[in-house]
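There are 2 protein chains.
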Amino acid sequence: MMAHMADKQHMEHIRHSLAHLLAAAVLELWPETKPTIGPAIENGFYYDFEFASPISDKDFPKIEQKMRELLKTWKSFEKIDVTPEEAKEKFKNNPYKLELIDEIVGKGEKVTLYKSGEFTDLCRGGHVENPSKDISSNAFKLDRIAGAYWRGSEKNKMLTRIYGLAFESKEELEGYIKMQEEAEKRDHRKLGKDLGLFVFSDIVGKGLPLWTEKGATIRRELERFIVDEEIKRGYKHVYTPDIAKIDLYKKSGHYPYYKDSMYAPIKVDEEEFMLRPMTCPHHFELYLSQPRSYRELPMRIAELAKLYRYEQSGELTGLIRVRSFCLADAHIIAKDPEQAADEVHKALDLIEYIAQTFGLKMGEHYWYQLSLGDRTNPDKYFKNDAAWDEAENRLREVLQKRNAHFVEAPAEAAFYGPKIDIQMKNVRGKDDTAFTVQYDFVMPERFNLTYTDKDGLEKQPIVIHRSSIGAIERVIAFLIEHYAGNFPLWLAPVQVKVLSVRDTHNEFAQKVVETLRKASIRVEFDGNDEGLGKKVRAAKVEKVPYWLVIGDKEVEANKVTLESRDHGQLGQISTEELLSKLQEEIKNKK
Amino acid sequence: MMAHMADKQHMEHIRHSLAHLLAAAVLELWPETKPTIGPAIENGFYYDFEFASPISDKDFPKIEQKMRELLKTWKSFEKIDVTPEEAKEKFKNNPYKLELIDEIVGKGEKVTLYKSGEFTDLCRGGHVENPSKDISSNAFKLDRIAGAYWRGSEKNKMLTRIYGLAFESKEELEGYIKMQEEAEKRDHRKLGKDLGLFVFSDIVGKGLPLWTEKGATIRRELERFIVDEEIKRGYKHVYTPDIAKIDLYKKSGHYPYYKDSMYAPIKVDEEEFMLRPMTCPHHFELYLSQPRSYRELPMRIAELAKLYRYEQSGELTGLIRVRSFCLADAHIIAKDPEQAADEVHKALDLIEYIAQTFGLKMGEHYWYQLSLGDRTNPDKYFKNDAAWDEAENRLREVLQKRNAHFVEAPAEAAFYGPKIDIQMKNVRGKDDTAFTVQYDFVMPERFNLTYTDKDGLEKQPIVIHRSSIGAIERVIAFLIEHYAGNFPLWLAPVQVKVLSVRDTHNEFAQKVVETLRKASIRVEFDGNDEGLGKKVRAAKVEKVPYWLVIGDKEVEANKVTLESRDHGQLGQISTEELLSKLQEEIKNKK
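Residue numbers (the working numbering), protein chains in the order written: chain G, 13 to 602; chain Y, 13 to 602.
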């Protein structure tokens, strides 16, 4: 872990040093330019400049060449302590640097400059010792150019930001670029459009996807899979309203604390309604609709719940960040911590089963994070040390017992208890919390959830909040990218295309189509008079798992020629054989 | 038709005469009482009184007896014309009658009294000629007692209203009472509670049902049935957002005209969002997301769409009138009137197929109403006489061609075109429009929906708005009452209960439960130590379609004893036979 931290710092030093190098090269090429700030960032660095005249990414080769030239001459970073006056004198023509100097002085900090080669910059430090040795000249690359307001405020001047990529080795740089290119091809927004899965409409609203027939098919198959699997595992699937009186969220404590991401209240008559931001209080009201006995516990209340959270329009991204989403949600009411731990086990079993269905491997595609509370911060974490200890130990034991891949994260819990975050790596190589399993010892008290125990006493249960797969929109975005649009048969919007060689084969082809359709196979018929080659290309572009070619030979043999998107030519086969092959594959979700 | 009108008037005269008789009887028994008004109503009559001391329905036999006594002596109704002063003198101790007299005078009408036997009342008339002959003494009955404000205003005094039932014959009265009793037993609110299908929560809000596991199971089965059947018939099932910017409803023209039944706008940042009151503009936006060709038409865009309409709290009734409902909705974009008519045919095919699945017969349980426009009222009906003629003729032809049971209703169309209303009779004997198939030649223009025709020209399509089953909430209310809670196997929340005779049989019973569960049968195990009789009674009360008894004999024979809710004892059967019997029945939706 320590080695990893050191590596990470070293990489940051390389990237920050390269920001200096970029500024030096730019000033050599365009001496009129005013440099401002240039930090290390994930995968590289950037520098913001005020250019005298515009540049473009066409200038990158020239800048990179200059950077490599200078790099050879940069043997060290020399730290120079200066008085504020000396610094101001040096940067007297650069109002940005003057503003920064004032700020440093205002904070009571020392003003320092760093010099490497002939280039000196106002800087707090954090560089490699010897750039010419420590930085590979083929492990960095200028990436793109963008506008950026000085200090991020649109009231200020727009500057030109140059982004660079930087890694330790050429291989790492190339690997990263390749991954980005691949990610771009797989981008769910691009594929969603190319494959016609969903659209947006300005007049409907940003962040509110409209699912076409094809996208809706994927969604429906996925939703039914989740619901059926949960029911098999003893979940009670319910429907509760997507709106409720504001009073419900006041009772739960979500309002006004959660107010910023909730839609504004809907006032009608004397009442105010809210679009629900979460499902818990709705499920608690169902639990409260009659007295409960220990015999009914654990009670697993599940729902495909539409939730509404208002995201800033700048935050909206395809299906990943939307303003309304459908969460595969559940609340498990457990008798006591032991039963709760047992239910967490079962929830993780389900999560791992679903992940496996999509070919996701623990440790590679996903892992767990045990997010803990902080006993010293009662503002952020409900004060009950004994309950925190018990809950954290239970969750840790669960993860240890199953030999799960997990890391611990201090002070990352929810207000009401510790949680297990399901961490996923997306095609861009980014980690993200996909969804969570949360242990809650606070809401039962707030909602006065109780049950009558074996001994006749009324007791308070524990609540587990969990998702089995997260938000449907996000999962589909993830799956589009994961499969690069090549959905497995059970999820594919069109499962089979039937292609006739000439229109004399259409009659036989139509019969095959009907047979498949009656068996609930999603089949399309391409009987256009366009030539087989064009039809096959169309099927491939649409990423259809199978297509059937029907010509003279097939009509004669009363068979079809089967071709697979993933396995190529599969030869002649009877309709019956084909049907049972398809049904088997759909059933097995392969 | 004329005979029917005369019958109806005669019945009203009987009922109004009985209101007089009720007042006469009450005044004989409690001379201090102040009578106010007493009209004929559907199925009977009422009279509002100010009693000196409270009465209850325990007094009904006494009142009825007095009514029958008096009836014998009532040979006529004598009309007496009086001056306002004479009338006021007669009713000087009754402030209600005095107020009525002033009102009659204020309108410039004549004041008339009607006398029968010894009883005289202020009245406009409308009685039978000879009560003792024209009214059967065993064809009326006092029904219930209720509070009612004088003139319906809560600012006035609360009076006592006595309701009576009245028909022409004893048989009709008894038939009506029986139907009411049956309807009460079948009332979906009562059965919904008894069978644990849904609940309401004050803090969530009125008119917003929460579906329990059992109710949700019925709903899910129903929804999947509809969606799958529609997909089989070429519908494209989509998902579109339940909210949209207000601009969308301004474009469609729903806002502000539909404003009263819409929820108030949700203002966030600079935008206003609405909970959608209908699906059409959402589907039109999907249609508009790319250029369309005649080859794509008819395009049948379908959705299980959550809709929001704000009903007055006094209007809310169980699942029948709710504030959010889920409509099995679709919009069919058709090339031209001919294709549109063809699609209406297909929509009615689907409706009739679904009705048949529930054992509903056309002409008995449901029929059609062809709702026409009114060429003379361009405020209410879009002005385009030729389009109205064409559309109405097409719909009439469709109904005639299929020999459908239908009536025509002038001036009942939608603004944008004629429609076919699906009329249903509920268990209370009331008719109601369940849902509609609408022909629309206005919205395509408003939304600028177009397609490129074979000839390369851009043309405007016709839209058919239709539901296949109506709002899911309402359908389920209807089905609960239709089946009296005895759901067919495919819809039953619990399909099979397994009952062990003693706990020594539990192990074998559990194995049977597991086998059924793995085959996706919804099975419950009753292994409580309570005696078989009690377990069987519980299964019957819960209206479970099948239960299995497992005792010594069954364990020995490796079989189960099957009993059916609808067909009684079915004898011993192996688990495999049972499973295939159940699966067959589920598949056939019997």
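Do not rely on the hints blindly, as some may be mistaken.
No copy labels: a pair is met if it fits in one copy or bridges any two.
The calculated DSSO-like cross-link candidates involving lysine-lysine, where the alpha carbons are at most 30 Å apart (straight line), are [to be verified]:
#1 LYS100 x LYS122
#2 LYS565 x LYS392
#3 LYS244 x LYS70
#4 LYS466 x LYS547
#5 LYS546 x LYS248
#6 LYS279 x LYS555
#7 LYS279 x LYS182
#8 LYS271 x LYS392
#9 LYS20 x LYS167
#10 LYS546 x LYS466
#11 LYS552 x LYS244
#12 LYS205 x LYS167
#13 LYS546 x LYS119
#14 LYS547 x LYS248
#15 LYS413 x LYS84
#16 LYS546 x LYS153
#17 LYS271 x LYS218
#18 LYS104 x LYS392
#19 LYS530 x LYS555
#20 LYS153 x LYS279
#21 LYS20 x LYS102
#22 LYS262 x LYS218
No lab work stands behind these hints: they were computed from the structure.
Hint by hint, here is what the structure shows:
1. LYS100 x LYS122: within (13 Å within a copy, 103 Å between copies)
2. LYS565 x LYS392: Classified as neither: same-chain Cα gap 73 Å, cross-chain 63 Å, threshold 30 Å.
3. LYS244 x LYS70: neither (59 Å within a copy, 54 Å between copies)
4. LYS466 x LYS547: between (68 Å within a copy, 22 Å between copies)
5. LYS546 x LYS248: For LYS546 and LYS248, only the inter-copy Cα distance (26 Å) is at most 30 Å; the intra-copy one is 49 Å.
6. LYS279 x LYS555: Neither: 48 Å inside a copy, 42 Å across copies.
7. LYS279 x LYS182: neither (60 Å within a copy, 52 Å between copies)
8. LYS271 x LYS392: within (17 Å within a copy, 43 Å between copies)
9. LYS20 x LYS167: Classified as neither: same-chain Cα gap 35 Å, cross-chain 78 Å, threshold 30 Å.
10. LYS546 x LYS466: between (71 Å within a copy, 22 Å between copies)
11. LYS552 x LYS244: Classified as between; 25 Å across copies, 36 Å inside a copy.
12. LYS205 x LYS167: neither (35 Å within a copy, 61 Å between copies)
13. LYS546 x LYS119: neither (68 Å within a copy, 81 Å between copies)
14. LYS547 x LYS248: between (46 Å within a copy, 23 Å between copies)
15. LYS413 x LYS84: neither (54 Å within a copy, 90 Å between copies)
16. LYS546 x LYS153: neither (39 Å within a copy, 80 Å between copies)
17. LYS271 x LYS218: For LYS271 and LYS218, the Cα distance is within 30 Å both inside one copy (20 Å) and across copies (23 Å).
18. LYS104 x LYS392: For LYS104 and LYS392, the Cα distance exceeds 30 Å both inside one copy (46 Å) and across copies (75 Å).
19. LYS530 x LYS555: within (23 Å within a copy, 34 Å between copies)
20. LYS153 x LYS279: neither (55 Å within a copy, 46 Å between copies)
21. LYS20 x LYS102: neither (33 Å within a copy, 104 Å between copies)
22. LYS262 x LYS218: Classified as both; 28 Å inside a copy, 17 Å across copies.
The earlier numbered hints that this structure contradicts are 2, 3, 6, 7, 9, 12, 13, 15, 16, 18, 20 and 21.
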